[in-house]
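Numbered per the UniProt record's numbering, the sequence shown spans residues 1 to 170.
It is possible that part of the hints are untrue.
[Claimed, not checked] Below, a list of computed lysine-lysine pairs in the DSS-like style, where the Cα atoms sit at most 27 Å apart:
{"no.": "1", "residue 1": "LYS32", "residue 2": "LYS48"}
{"no.": "2", "residue 1": "LYS126", "residue 2": "LYS44"}
{"no.": "3", "residue 1": "LYS44", "residue 2": "LYS32"}
{"no.": "4", "residue 1": "LYS75", "residue 2": "LYS104"}
{"no.": "5", "residue 1": "LYS47", "residue 2": "LYS32"}
{"no.": "6", "residue 1": "LYS96", "residue 2": "LYS47"}
Simulated from the structure, these hints should not be mistaken for laboratory data.
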Amino acid sequence: MKFLYLLLLVPAALFAQTSESITWDDATINDKLSLTINKRDFEKVYKKADSIVTPDYENICGTDESSNFQYYYYKNLQYELDNGIMNFRQITFSKKTGLYFTYKGQRFDASTRLSDLKALFPNTVKETESGKNEPYKYILLGSSDQLDDSEWRFTFKNGYLKSIECFFPC
């Protein structure tokens, strides 16, 4: 009988744990730019990219000879263009650019402190705050989509948010 209770309790405990993650569709740039957007709509908002870079695909894990994407940079914002669709990759915060990232109604910018993320990601922030006192601190979150293996890295420098990056680990 004890074994039966154990069998029921362990999966229930695992299921009850909340995982802190990012939902792609709940995030925007400056409350107007989706993380996935077609190139034409991106250019309506930001006119023209500051630079367009075709990466060396051999130096990017997970790519092959058939890869054909480019990185679009606008101010401190990076998107990846593939087949006419642009996907967010990174935002670097600076008081000069005025760019910000919004997730579930909370705004993240150059003035965001690690403690400001507690409402959305309490466990992750608690673990990060208890770490070594170094100039750089990182929060790593997964995607809420089970089929998506991307990860989100929030980088803090001297207590303030420096960048948010969505990347695919190898």
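May I ask which of the numbered hints given earlier this structure violates, with the numbers listed in increasing order? 2
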